[in-house]
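Engineer: Sequence lines, in order, name chains A and B.
In terms of this note's numbering, the first sequence opens at residue 1 and continues consecutively.
In terms of this note's numbering, the second sequence opens at residue 1 and continues consecutively.
One or more hints might be untrue.
[To be verified] In silico contact screen, one side only, chain A against chain B (beta carbon under 7 Å); selected entries:
#, residue
1, Ala-67
2, Thr-78
3, Gly-134
4, Asn-135
[Stated by the list, open to error] For the chain B half of the interface with chain A, some residues (derived, Cβ under 10 Å), not all of them:
#, residue
5, Pro-9
6, Ser-46
7, Ala-113
8, Cys-121
Treat the hints as calculated values from the structure; they're not laboratory data.
Cβ atoms here follow ideal geometry from the backbone N, Cα and C, with glycine treated the same way.
Listed below are the residues making up each chain.
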Amino acid sequence: MANTFELIASSTVGAGGASSIDFTSIPSTYSDLLIKCSLRTGEAAIYTDIDITFNGESARQWRGFYAVTTSLGTSTNTSFNIVAPATAANSTASNFSNCDIYIQNYTSSGVKSIGSEGVSENNSGSNFVLNMSGNTVTNGTAVTTINLVPFGGNSFVQYTTAYLYGIKNS
Amino acid sequence: MAAGSTYEPIATQTSNGSASTITFSSIPSTYTDLIFVVKSAGSGGSVDTTLRFNGDTGSNYSRVYVYGDGSSTVTASVPNQTQIGSGVNAIHHFMNYSNSTTYKTVLGRYWEASSISLEMCILWRSTAAINSIAISIAGGGQTFTNGSTFTLYGIAAA
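One chain only, chain B, in its complex shape (with noise of 0.2 Å):
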């Protein structure tokens, strides 16, 4: 890439397989955009995780989605939720996450060959920067599996 990487790892966390939630915190504030990556698998066979930013347990969720299943396919909207859907493999774009005047707008898409392709927008309703992601398995009593890992990238603008 031109004139140095922007594209810097600026955590990865791995499962001991013991966890259910795993967080990000002290993200800084230094980069435009951020990636983040999650390779993982629920020990009970969830192909669900949720999303929570900033620790935020208020109703200041939602998101559209289409996904195909191999057998519909579907589109939806989901408004005022605590935390958000996410999937057990995913990438997910937070996009001018450091600024304290907009809300968050977050371009992500999940896949989990026994069950689904998703592509979808979240919207978190705060001005607040992101300074704390965590992502949990859904589904009681589950964890994320042993080795399943989760990788925050941060991208700087020119």
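Isolated chain A (complex conformation) (with noise of 0.2 Å):
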């Protein structure tokens, strides 16, 4: 049976933590990206914002749209790169977000279309977190390196994990 779900690659930030999760030498050899991961970060917050760029991209090429329910109430806004929640420190300890990114188009040098959606709950009526967004991305290059990082300069903690799958459609 032909393997058209593979993971190939996989990170776990350790006791240290980590200011990013990095991919890189990602094969061309599939039609799609799915990275799945589980999320927490060190700062003062219910939650933080993931920030995602291709092939260390420096300039902006990102369009999109997100939305997102919290304690705090409902909101929707331009994304730039946002593509994922975290859970944050003023979450419950061991409390981690679960987070699907899809990355289509992966190897195109055309557009890339990344929908993703994230959650972190916390047994309460506050501090839950659920985003959803859309992003168009127009480097004009394969993706062959992926970071994720936690805006504002926080860090992952350890225990975070994120794998990387790639999907074929044939």
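Quick one: dock chain against chain with the hints and give me the complex.
Structural biologist: Laid out in structure tokens, this is it:
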């Protein structure tokens, strides 16, 4: 049976924390990519937005929207690379968010489309978050490197994990 | 994945630019769930598509959804539709599509960077096994642009 949903790489943050999660040398042999991650940062907040960059890009060539529901209310805004929420330090210890980030056409030199959703639940009337976002990227090159970075210079804490899968459509 | 792959591509179709509807027919019943991945665009800029199952044109479709469009967040339900709305970039998860005893539920999400990010639950009030899925571009006279791709995956229980 053909393998069409394969683990490419995984990352688990160690005791010292990490300022980013990096996937490099991503092969071009798949149709789509899927990142499944469990995230937490040390920020003193309910949650931390997670930024994603491709191929170390410095110029922002992203466009999109996100919607988020938290104990603070519901909001929507233009998305600048925001693809996931990470549970942050004001949530119960040992609680991590769960997120899916689906990247279409990643080997194309044209537009890549990214759909994502993530949730952090805290068994209380506060400190929950549900986030969904859609983005397109026009960076003109195939994606070979992906970096997940917490906004605001925060860091991922120990036991944060991310798994990168490749999906073939034939 | 353990015990071989259960996330198998059943079929992929690519638009040549002239089709306004793409249909997957004769879907095998050998899987537990289906995943339908849509990467498309409308020739006239449409960001909406519609779904139909088994060619059913009755008012048997409904959905509940929540979306954000950059200026407002909206949640609503839409009952008794003859087809059900979706988007041009989408992932839909069909659960228990092949049984002949329950109505069929689909968890879907779609997004378009110029307009919307949406999550929804679709209900098709039919106990029939889903053996065909048709997706049409919304907006009169539009077609799926050349190179739009549509892939149907099957997921089997272990």
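Engineer: Look at each hint and say if it fits the structure.
Structural biologist: Hints, one by one, checked against the model:
1. Nearest Cβ of chain B to the Cβ of Ala-67/A: about 3 Å, under the 7 Å cut. The hint holds.
2. The beta carbon of Thr-78/A comes within 5 Å of a beta carbon in chain B, closer than 7 Å, and the hint placing it at the interface holds.
3. Interface hint status for Gly-134/A: upheld, as the beta-carbon distance to the closest one in chain B is roughly 2 Å, under 7 Å.
4. Evaluation of the Asn-135/A hint against chain B yields a held restraint, the C-beta minimum of about 6 Å falling below 7 Å.
5. Evaluation of the Pro-9/B hint against chain A yields a held restraint, the C-beta minimum of about 5 Å falling below 10 Å.
6. Of the supplied interface hints, the one on Ser-46/B is violated, with its beta-carbon coming no nearer than about 16 Å to a beta-carbon of chain A, more than 10 Å.
7. Interface restraint check: Ala-113/B against chain A, minimum CB-CB distance 4 Å, threshold 10 Å, status holds.
8. Evaluation of the Cys-121/B hint against chain A yields a violated restraint, the C-beta minimum of about 13 Å exceeding 10 Å.
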